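So the protein lines, in turn, are chains A and B.
The opening residue of the first sequence carries number 1 in the numbering used here; numbering runs sequentially from there.
The opening residue of the second sequence carries number 293 in the numbering used here; numbering runs sequentially from there.
Treat the hints as calculated values from the structure; they're not laboratory data.
Keep in mind the model is a prediction, meaning the values are calculated, not measured.
Among these hints, one or two may not hold up.
[To be verified] Below, simulated DSSO-like cross-link-like pairs (lysine-lysine); rule was C-alpha separation at most 27 Å, straight line:
(1) A:K108 / A:K157
(2) A:K53 / B:K424
(3) A:K130 / A:K119
(4) A:K175 / A:K148
(5) B:K459 / A:K53
(6) A:K108 / A:K130
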Amino acid sequence: MTDSMESENEKMDTSVKPTSLGSVASNAPKRAPGTLAMGRGLEARGIHAWFGKNHVLSDVTLDFAAGTVTALIGPSGCGKSTFIRTMNRMHEFIPGAAMAGEVLLDGKDVYAPGTDVTKIRLQIGMVFQKPNPFPSMTIGQNVLSGLKLAQLKVDNKDDLMEECLERAGLWSEVKDRLNAHGGSLSGGQQQRLCIARALAVRPQVLLMDEPCSALDPGSTLRIEETIRHLSDSMTIIIVTHNMQQAARVSDYTAFFLSDNGPGQMIECAPTSEIFSRPRDKRTENYVTGRFG
Amino acid sequence: MPQTYIQPSAPAPSSGVAIPREITTEPRFSDRVFRGVVTTGGLSSLAILGLITIFLGYRGFEVLRQEGFNFITSSTWAITTDDAGNVVESHFGIAAMLVGTILCSIVAVLIAVPISVFTALFLNFYAPAWLKKILVSVIDMMAAFPSILFGIWGFLVLMPSVEYWAKLLNHYLGFIPIFHVPAYYFTRSPFIAGVVLAIMIIPIITSVSREVFSQTPLDRIQAAYALGATRWGMIQAVVIPYGRGGVVGGAMLGLGRAMGETVAVYTVLNIVYQVNWQMLFGAGGNIASLIILKFGDASPYEIKALMAAGLILFALTLLVNAGADLMVKRFGGNKR
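Next comes chain A alone, as it looks inside the complex (with noise of 0.2 Å):
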């Protein structure tokens, strides 16, 4: 483990790191090791959340290795969203939350005492469930407003705002009218500008929570051509509901599941394995659309 901290590289090799799930750390992926240049690795170590009294996610520890995308499946109140929700400190914004665990970043835990939260989430950003833009600014201002709110200086704004609706797939749609208001665009749109300006602060991990259920076929097609782009050079986890999208977009899927209990990880594996040949019965009965 010590020889292992000497580089980033063999830091982000995590399929030797023991968990705490017996049959997960067992089941863990060879993955190829990241690079920097591809986004820095998450870890999460022995995730707990509760809302007041309310159990709702117990002892999840998953690592996301650096330049992998990472789907998390599971039925509807199974911890999915409350769980990356932990991972760039959003969850203690809802009153009477609290966790327990690590989430290591770099290898440093988000939760330390000392930490600076906004420092974490611009480098853990994140895309939610329903586009957000911000109505009052203009598409334009919309994928600079992370930088304004971080204070953040860059030297030429035009072209980190062409690069990141570039990234995020709408440069083509919208750089005629980047002075028009953010509503004024389609959903599937404002949700690529969101991704837009969650990239513009140059975030190492981005958390899309169900990024494409309010949206059309299109649109999410669209959204998941640009999660593999993004792929290449940070590193994802994404929120879904829709197995084919798991299927599609993801090097690594995680199967949640609430049984009348808190939320549980029942398995993590490549995704091509969990729809294949999943090691739980829950698992396989989930994926070939027996419950849930």
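With chain A fixed as given, assemble chain B onto it according to the hints.
Relative to chain A, chain B alone:
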């Protein structure tokens, strides 16, 4: 009345020309009763407003006709009667009162809006729940506080300190015309009246602002936080643009209240029949205070003049509210 039906005269569809069906709905009896009740409620406020206007117009008409446009451009308020009580000569003009009313109200709004907006932001985004509860009830209580007490407190307690601030303002900013004073006399100025009014309108502006701020869509707040915003950054990017229209609306409600406020201003303000824009100088005017000042020992004809003044105040308030509507549409608008 029958239920939904096709007009017997409608041609058969086979004629090839589509004629829209007439659609009627027959409300249930209970529905009609309820509609009657709410309609009466809704129209009664309109009726009361209309009756007040008619009353003021009727009583004030004679004076308005006699004085003409002078009523709002001159500042003389004089009536001479002979021993029998007949009016010998009269001049009524409320220019000084009109200007004073506007001046005091604007001072009040300029002071109250920032305080109220920051209070609302504090209550919504910074205050712990227990403190929020206490503060909200304290502020609501402020709104129910009798205005005469504000007036007395303003006169006895607040005035000495505000006079000091006024002197400071005059000392450092006296070169700006509105902070200039023609004579070194600061007691009972429109500025002091404005400060008292500001305290009185803080509750309404605060509660309106608090309400709109609390309705800021959560997904936008989260979007800002997820981009690494600090709380203040989030408020600037999301909450203020969203709540701007509501704050303007609240400010206009406060302005309306400030213009109509009588007793507190009457207690504090030194009423002088001369137009004065210099707010730090101890001479001002106020239509509502004029009415209360003169009403007690006014002759019947003078009462008519006071009614006319009331009509002007009423019109001014309506004008401000209409302006508020326009501004809310302009600032609130569809970009929310």
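Hint check results:
1. A:K108 / A:K157: violated, 31 Å
2. A:K53 / B:K424: holds, 24 Å
3. A:K130 / A:K119: The given pair, whose Cα atoms are some 24 Å apart, holds under the 27 Å limit.
4. A:K175 / A:K148: holds, 21 Å
5. B:K459 / A:K53: violated, 59 Å
6. A:K108 / A:K130: With Cα atoms ~30 Å apart, K108 (chain A) and K130 (chain A) exceed 27 Å; violated.
Hint compliance for this structure: hints 1, 5, 6 are broken, all remaining hints hold.
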